[in-house]
Structures are given as C-alpha cells and as structure tokens.
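Line by line, the protein sequences are chains A, B and C. Position in the first sequence (from 1) plus 363 gives the number in the numbering used here. Position in the second sequence (from 1) plus 898 gives the number in the numbering used here. Position in the third sequence (from 1) plus 6 gives the number in the numbering used here.
Among these hints, one or two may not hold up.
[Unchecked claim] Beta-carbon label-pair distances, calculated as ranges:
#  : chain 1 : residue 1 : chain 2 : residue 2 : range
1  : C       : PHE187    : B       : GLU913    : 49 to 55 Å
2  : C       : LEU89     : A       : GLN582    : 52 to 58 Å
3  : C       : LEU89     : A       : GLU512    : 45 to 51 Å
4  : C       : LYS464    : B       : LYS1080   : 35 to 41 Å
5  : A       : GLU519    : C       : LYS464    : 55 to 61 Å
6  : A       : LYS504    : C       : ILE433    : 44 to 50 Å
7  : A       : GLU380    : B       : PHE915    : 52 to 58 Å
8  : A       : MET432    : C       : GLY245    : 55 to 61 Å
9  : A       : GLN582    : C       : GLU447    : 29 to 35 Å
10 : B       : ASP1103   : C       : LYS464    : 26 to 32 Å
11 : B       : THR1081   : C       : THR387    : 26 to 32 Å
12 : C       : LYS21     : B       : THR1048   : 56 to 62 Å
[To be verified] Subject to a maximum C-alpha distance of 30 Å in a straight line, what follows is the list of computed DSSO-like cross-link-like pairs (lysine-lysine):
#  : chain 1 : residue 1 : chain 2 : residue 2
13 : A       : LYS567    : A       : LYS378
14 : C       : LYS81     : B       : LYS1095
15 : C       : LYS81     : C       : LYS21
16 : A       : LYS504    : C       : LYS112
17 : C       : LYS453    : C       : LYS136
18 : A       : LYS488    : C       : LYS112
19 : C       : LYS21     : C       : LYS91
20 : C       : LYS464    : B       : LYS1095
21 : C       : LYS453    : A       : LYS504
22 : A       : LYS441    : A       : LYS427
[Unchecked claim] To be clear about the criterion: a stretch of chain B counts as covered by chain C if any three or more of its residues have a C-beta under 8 Å from a C-beta of chain C, and this derived list gives those stretches:
#  : segment
23 : 1004-1014
24 : 1122-1131
25 : 1143-1155
None of these hints come from the bench; they were simulated from the model. Ideal Cβ placement from N, Cα and C applies to all residues, glycine included.
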Amino acid sequence: MTTGTTTMTKDSILKVERLSMKFGGLMAINDLSFEAKRGEITALIGPNGAGKTTVFNCITGFYKPTMGMITLSRDNGKEFLLERLRDFEINKVAGVSRTFQNIRLFSGLTVLENLLVAQHNVLMKASGFTILGLLGLPTYKNAAKAAIEKAQYWLEMADLVDRADDPAGDLSYGAQRRLEIARAMCTGPELLCLDEPAAGLNPKESLTLNTLLRAIRDQGTSLLLIEHDMSVVMEISDHVVVLEYGQKISDGTPDHVKNDPKVIAAYLGVEDDEVEEIEEKLDKGIIEEGTV
Amino acid sequence: MMRPIKDRIRGNYMEYFIQQLINGLTLGSIYGLVAIGYTMVYGIIGMINFAHGDIFMLGGFAALIIFLILTSFFAGIPIALLLLLMLLVGMLMTGLWNWTIERVAYRPLRGSFRLAPLITAIGMSIALSNFIQVTQGPRNKPIPPLVTDTYHLGAITISLKQILIVVITSILLFAFWYIVNKTPLGRAQRATEQDRKMAALLGVDVDKTISITFIMGAALAAVAGAMYLMYYGVASFNDGFIPGVKAFTAAVLGGIGSLPGAVLGGLLIGLIESLWSAYFSIAYKDVATFAILAIVLIFKPTGILGRPEVEKV
Amino acid sequence: MAYTTENNQSGLMAKAVKEGIFAGLIAFGMFLLFVGIETYQDINNQLVWRTRWGLLAVFVAVAAIGRFVTVGFIKPHLDSRKLAKAKSGVLEISDEKGFFRTHFLKIALVFLLCYPFLAMLIFGRQGSLKYVDNFGIQILIYVMLAWGLNIVVGLAGLLDLGYVAFYAVGAYSYALLSAHFGFSFWLLLPMAGILAGLWGIILGFPVLRLRGDYLAIVTLAFGEIIRLVLINWTDVTRGTFGISGIEKATFFGIWSFDAGAPNNFAKVWGLPTSSVYYKMFLFYIILALCMLTAYVTIRLRRMPIGRAWEALREDEIACRSLGINTVTTKLTAFATGAMFGGFAGSFFAARQGFVSPESFVFLESAVILAIVVLGGMGSLTGIAIAAVVMVGGTELLREMEFLKHVFGPDFTPELYRMLLFGLAMIIVMLFKPRGFVGTREPTAFLKERKAVSGSFTKEGHG
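Given these sequences and hints, build the entire structure.
Spelled out as structure tokens, the structure:
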C-alpha cells in the first residue's frame, strides 16, 4: 500500500481486494485493491475508460464482479461482503448509497417526495409494512412527520427548500445534482458514493457542491467519488486512488498523487499530446460501450 | 378455429411425427409472416402494433372478396393466376390500410407518451374487426377449396397447399431479407431502428422509412391472411385476434426486433401447436403455446434471438 | 403571419382541395373492397357478392370533404387561435376554479348516492331498472376495475394486459365456492379478493423480472391461459356453458332478494314485488366497493409502499440504489390490483347470477386498460370520467332507437358499439395523449400542494 502515514491510523470503511471485472473478452478492472477510510473523502480518478464507473457499479451492486472481495465495515463493527448482497440490500443492510452519472431522479415526483421515497425502509417499518399505517396508527404518523423533518433538513443542506413542492424534473441541472445527493443522504448511509458529482456544473455550482460534500463528511459519512474535475478532486478529497486501464497506478493524498510521475504521465501530462488524446478517445469508445 | 384432427396412424410413430412436423411447419410459416410485421414495427418505432393481427384479417378478407369476384366473372380462371391476384390485391389493400393507419393513428403520437400509441393500436384493432363485422356481417365466410391436390410419401400426406404455403413463405422471406440487408431502403430502415434522430440528421427520410415498414409488414400479413384463408377455407371478422396474438407471441419468443427471430418464433409456435394437439390435447394447445412463451421469457427475458438488454446505469 | 393576402388564401384553398381529393382517393382504395362489395350467403349457403356503390360513395365523400374542411378551415382556425394566444402572453393555467370544479367530488358522490332514487322517481319502478343496472352498476364495475388496474399500470407503471384474469378468478371463486360450500356473499367477497390477490402473487412472481412489452405479452398470455383453462376444465367450470344459478347477495343475511324466500326484502317491507330493489342494493354495494378502492388507493399513495410504486414507475434503478426491494414492491402492486379485480369479479358473479368464460376475454382487459390510460394514468377522477364516457357512451348507443328512423329499421345501433368504442379510443388518445386528467397530485407537500404536470411523469418500463 502506498497510502500516506497520516491516514493509516483511521480504520477503513470500504476495502476492495483483488477486484476484477470482465466483459466478454475485455478486462475492465484488473486485480484492483484499495481502501476508503472512515470519515474521509476518497476520490477515484483516472482517464476516460479507466474503469471507474465499473468499480462503482461493482461496489453498489449493479454488477457482480468476476473476482475479488468488497468488504464494508459499518460503525457498529458489522462487516458485509458487498458482492454477495442483493442490489437493494447494499443500501438497506450495508448502508451504502449512490448517485448516478446520468442523474436518476423520480422526475414526476416532487422534490420532497423524492426525499421521502429515500426513507422507504424506515417508513415501511414504522407503518407496520403498510397494514398498521393503513389503519392510521400514531406510530406511522410520527414516523411520517420525522421523515418530512429529515427531508427538510437535507433540503436546507442542499439549498432546495424553495423548490420542495416542485417536480424534480423541473429543477435546473445543478439543483438536480444536489437533490440526488440529498436523496442519497436521506437513506442514512455510512458510505456515500458519488459518480461524477461535478459533471456539467458551472464554477459557482461546483463550489456549493464542494461545501455540501464537506458538510456531509463532517457529519460522519464517508464519501467515495469518481471525478473528472481535478480542481474538485484536489480541493476536497483526503485520499485519491488513480486508475488506468482498470489497474491502480497511484494511491495516496492529493499532493502525493499530484506529484506521482506515473499519474502525470498517464493522466495529467497528456493534455498537449494530441496523439495520445486520440488514443484515449478511441479507448473511451471501445471500453465505455461495455462498462457504462 | 380448430385445425382438423389428423387421423392417427397406428404403428408408425415416425411417420406420424413427420406428418405433424409438416403441419406445424405450414402453420408456423403463416405465423412467421405475421410475426415479421410485429417485429419490424417494434424494431423501428418501439410500439406493439396491436392492430397488425387485424391487418392480417383484412388481408384474408381482401383475398376472399377478390376470389369471389374473379370466380364469378371468369369461371375457368387458372388457379395460379387466381392465387396470384388474391395475393397481390390483398397486399396492395392492406398496404394502403396500414399506411393510412400509421399516418392517422400512430404518427401524431410518435415521441409522445409510450402507452398512447399502444392504446390507439388496441382501439384500431377493435375498430377494424368491428368494421369488418359491420360491413361484411358477423358470420363465418366459407369458400370452396382452392387447391385440393395431395401427395403421399408412404403414410405421410402432404397437400399442395402446404407446399405452396411453405414455398411462398420462403420466397417472401428471401425477398424480404434481401430488401432489409442489401438495399438502401433496408439500410435506412436499420439506421432508423438504431437511432431515429441520428438517421434523420444523416438524411434518412424517417417518416417515409417508417411508412414503408408499415406497408411491408402489412403486405406480408396480407399474404399470410390469404394463405390462412386458402388453408382453412373460411374467413371471419375475428380471425385477427388469436392468430395475431400467436404471431406476436412468436415475435416475442424469437426476440422482438429480430427478423430471423420472428421466423424462428413463428415456426416454433406452429410446431408446438401441432405437436401438442397431436400428442397431448387439442383443447389445451393454446395454453401450451402461451405457457411455453411465459417459460422462455422467464429464463431468457429477451427471447431466443433477441439482443440481451443491457441495463445502463 | 402578418401578410395574410388573397394569394395566401387561395393557396390554402388549393392545398385543401388537393388534400381532399387525395384523401378521397385513399378512402376509395381502402373501402373499395370492404364497403363497395358485400359478401353474403344466399339461400343455398353459397357465398356470393353484390355491390354497394352508394355506401362507398358516402365513405369517399366523407373522407374527402372531411379532409378538405380540416385542412382548409379547421386547422388554420386553430393555428390562428394558438398564435393569438401565444401573442397575448396569457397562460392558459388559471388558479381560479369554479364552484363546480372545486366541489366536483362531493357533488359527484351526493349524486351517486341519490342516483337510484332519482332514477326511480323519474322513470318509475320498472323504468329505472335499466338506469340503475345497465348504466349505474355497469359503469361502476368498470370504474372499480379500472381503479384496481390503475394501481398496477398507473402507479407502479407495470403494463398488465391480462387484468381480466383476476376478475375471472374472483367471479369463479364466488361461483364455485358458493355452489359447493354454500358460503354467503359477504364471506365470499373478501375471500374472492384474497384468492385473486394470491393469484396475482403466483402469476406475478415469475414474470416481474420482465420489462415493458415483455411483461405486457406475458400478462396477456396468462390472461388467455386462465380463460382457456376455464373453457376446457369442464369438470369444474362447466366450460363454455358457464355456471348459472349463483346465489344472490343478501342484505347481510337479514333480508333476502330471492322471490321465494320468507324474508324477501319486498315482502318484509310490504312493497310491490320487483327486481329493482336487488339492483338498487347491488348499486350501493358496488358504490361502496368503489369507494373502498378509492380510499385504499388514496391512503396507499401517501404510504411508503405507494410512493415506492410511483418511484418504481419513474426509475427502477434509482429505487434499487435507495434500498427498495423492487421485486416485493412490484408484487404488492400486482397483488393489490389483483385483489380489487377479485372483489369486482365476485360482485359481478353475484349480480349476473351466471359466469362463463365469455365475460373474461382479452377485449375486457383492453377496455379496462383503455379506461385507465384515457382517464389519465394515476388519476382516480380522470379514470372515473373515462369510464362514464366510454362505457356509458356505448351503453347509450343501445338506447338510441331513434337512429332506426334515420337509418331504417334494419339498423341495429348495438352492432356499432364496439366499432365506435375503438374509434373513440383512437380519437381521445390523439387529442389527449395523457388522458383526461394529465396532472399528478403530489402525496406530500411542505408549503403548498401543486399538481405535477404530466410532462414530467413517466409511464414505467417494467
């Protein structure tokens, strides 16, 4: 492990070990191992087609990895092997929630309803799996009230209170991104996975996003994010893992990674090199077909 | 409509089996032709054209009416010419109908709410069968047998009409395959199927391509309708539903959107139906068809030759 | 445009004439064989034909003139109105609703409660039968079925083309259990619902993995399988003959509606014997069942399960990422919808006193689905309106005796019932693709309840 010494003391919330994912003949991820520490923001970066989203989909249960182990340890000490859980259990049991690269909101529901749907499992229990709630028992009424309060809290965090009663599909792009994060937080996760949260945001929106993400971390939720925007990554992440062609090439603090010659060669140094850029695009075309 | 129960040939199971295969193949050809219309329309605009079964029924009625007119004017008309005219007029007629239906009932809803065209298609199906019921009467319309020759190979009986059905189907399938795979029109169709917007940007006349697809599907259904009439010798206004559902089942079974899949699905449905009737129970033949459809879809949700649907995250 | 000149006008007319002629030609081609020629069997049972050129000419003329008028007058008129509206900058949406619209539901409920008595008052004891039974009960059965299917299609976004199967399960459960065990209506009503719900789970479980159109075709297949089994399993179901003599519902066991029974309702109350009391009683039962369906639907929508259904319709993948078990969520939608279908089925059996597979054909599923979509998926009010318009409209056609005076004594308006139903489905969809009520009422709000425009809601994929 090349992790910096300062982070060694914290225990890890997510441990990815020897993860491989194959699509047909294509090795999208090859023997990848990394850790995300509790209470930190870990960023997964890499050029297009490096396999970041695939890693994400493996962690959040949308793909079953070909090989490897993904261990999540919760605050209460319980450990879960994510690759063995069913897709919805990853959120329900293991406390991992995620957002999507192409925003997936319930666009016909209002902003508030989106946040209430996210509290499904809590409310379901409170409503006695619908039956008690149908009878109008107070337990459900109280839980419903609490759910709205929780939603309201996250609306304030995401600066969306004014839009609470509007359909989610009516929000601007930046607001939709924030809503998706708020919705993911309403499930009460311990690990929040964000797939390119800053994509398509203008600098101002990007700044608000950074504040929101930091606030989430400071509340005790660990974050794992994929990001293209280096300014976001370098500014907010505590720990960076760099992928290229499905393999880890660097791992450490932002400063460490920034100065890693391998990373510079693979990622930061190719900006003016047109030949490699074209190659990269080609790779994107080929690899993303299978991975995204 | 019940298929005549074939006499069981005692002692020779192989021949009996082959006989059933031939019957199944004949029926399957008809289903396959109708299934292509379903699958093409689904492929190109992603809607279940529920009225397609009724287009098939219209094709049968067009053939029936042409048959009546021609035989009353020209008593000694050669069978081949008669058949050809029945097919041609039927194709023209249903092509025109399907073109109009697409223009009037489906095109305005293209790109709208997904269920809207499905509902208009179901409405169209109800309207078409009732239109024929109103204009041509609710009774079954029998016609005298057109082609009666049969050939015997040992204990196996093959009728000329079975041969005709299989041959005509094969010719049409070939012609069709050629159009879709080797002509600019086919290229336009495939491009529209892949990405309608992009195809339009690249100069494909999408509206025209879709119209032609509807016409082609209708023409095949008309041939199937005429052959169905020839095979069973009777037409009825509600003939569109059961064969239509079976053809659609065939399309789904084969993998909706896939042309070879539609033919394969059609043949399979034909075979299942005839073998089930022969060996198990004729009463439950449709149950068998639908049950097998359900089972196949449960284990292979996109049909036999369908492209697996990749869940994009 | 600013320069509406003579030239422009004559250009429009020329276009309209051209389009009219074209439409006439197309209509001529389409109807030449099917309208221009009539096939019929002569006395020898031989199929022969005769021409109907007059009728064909009518069809062609209607098409040509219709197209001409549309292109030449109606369309420019609509366009100019739209243009004027856009220019004036006033949005159509106005918050002010009239008294009728704000209190629509209350008025409708009061009307429904009084309806049988109003009918009796106006049309007399026997005259009201038709209005209570053919209109009232018939429409309410469809309202209930459509509301039940609405849970599956409108809320959860699962396209079910075989809903009538659960209706059949309910009806046959009632018929068989009542015949074999002599259970009463009030016991069998919930049982039929539960049985149908169980069937919903049994059928739903294997197929809910399927998406969109595949799900549609498998549900259609299941619907057909159930019907075919009902036809062919003659030992139990008596096949196409159906089961007759099904016991009537009683007034909670206190009064009977059987003519011979000692506690016959009319006898006990000293009223003249009439079947109208039973019909009125049935009317209130189905009205109560409808209200129950509506109440449960409204309540469920505000519960986590109902929100999960709607979320599922919007985006299944997002649901999974939020820890929602999509399989059980779909199953509950399927089972709940099926249960209401079962209630309606058992009511149907009690009302008819007779069930046969004929009542459970695919067309019924299609009609119910059409009502849901025409009404506006998810909207109870819209669906009820659609049921009244579509079912009531076609029932009304049966009553139009005066048409015989117009079209001659051979004219049977009933024949045209389904033809017009089909055409109405098309026309309504063309003008209102999202149904009569396209907006969605949110289930919770922070400050104010704003209806969600139909353009945001999705229709589900699975």
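Structure-based check of each hint:
Evaluation of the 49 to 55 Å hint for PHE187(C) and GLU913(B) yields a pass: the beta carbon distance comes to about 51 Å. A hinted range of 52 to 58 Å for the beta carbons of LEU89(C) and GLN582(A) is consistent with their spacing of about 54 Å. Range check, LEU89(C) to GLU512(A): about 49 Å between beta-carbon atoms, so the 45 to 51 Å window is met. Between LYS464(C) and LYS1080(B) the C-beta distance comes to about 39 Å, which sits within the given range of 35 to 41 Å.
With their beta carbons about 28 Å apart, GLU519(A) and LYS464(C) fall outside the hinted range of 55 to 61 Å. Under the hint 44 to 50 Å, the C-beta atoms of LYS504(A) and ILE433(C), about 46 Å apart, fit the expected range. Separation of GLU380(A) from PHE915(B) is about 57 Å and conforms to the stated range, judged on CB atoms against 52 to 58 Å. Distance hint check for MET432(A) and GLY245(C): the Cβ-Cβ separation is about 59 Å, which falls inside the suggested range of 55 to 61 Å.
Checked against the hint of 29 to 35 Å, the C-beta distance between GLN582(A) and GLU447(C) comes to roughly 34 Å, which is consistent with it. Separation of ASP1103(B) from LYS464(C) is about 30 Å and conforms to the stated range, judged on CB atoms against 26 to 32 Å. Distance hint check for THR1081(B) and THR387(C): the Cβ-Cβ separation is about 52 Å, which falls outside the suggested range of 26 to 32 Å. The hinted range of 56 to 62 Å is satisfied by LYS21(C) and THR1048(B), whose Cβ atoms lie roughly 58 Å apart.
Restraint check: the Cα-Cα separation between LYS567(A) and LYS378(A) comes to about 34 Å, which exceeds 30 Å; the hinted pair is violated. Between LYS81(C) and LYS1095(B) the CA atoms are separated by roughly 27 Å; this keeps the pair inside 30 Å, and the hint holds. Only pairs whose Cα atoms come within 30 Å are accepted, and LYS81(C) paired with LYS21(C) is accepted, the gap being roughly 12 Å. At roughly 26 Å between alpha-carbon atoms, LYS504(A) and LYS112(C) fall within 30 Å of each other, so this suggested pair holds.
Of the pairs offered as hints, the one joining LYS453(C) and LYS136(C) is violated, with about 48 Å between alpha carbons and a cut-off of 30 Å exceeded. Restraint check: the Cα-Cα separation between LYS488(A) and LYS112(C) comes to about 34 Å, which exceeds 30 Å; the hinted pair is violated. This hinted pair checks out: LYS21(C) and LYS91(C) have alpha carbons roughly 26 Å apart, not beyond 30 Å. For the hint linking LYS464(C) to LYS1095(B), the alpha-carbon distance of about 21 Å falls within 30 Å, and the restraint holds.
With a C-alpha separation of about 18 Å, the suggested pair LYS453(C) and LYS504(A) falls inside the 30 Å cut-off, and the hint holds. Proposed proximity of LYS441(A) and LYS427(A) is supported: the alpha carbons are some 22 Å apart, at most 30 Å. Counting residues of the segment 1004-1014 of chain B whose C-beta lies closer than 8 Å to any C-beta of chain C gives 7; at least three are required, and the coverage claim holds. Counting residues of the segment 1122-1131 of chain B whose beta carbon lies closer than 8 Å to any beta carbon of chain C gives 0, which falls below the threshold of three, so the coverage claim is violated.
Coverage of a stretch by a chain is defined here by at least three residues with a beta carbon nearer than 8 Å to that chain's beta carbons; for the segment 1143-1155 of chain B and chain C the count is 5, and the condition holds.
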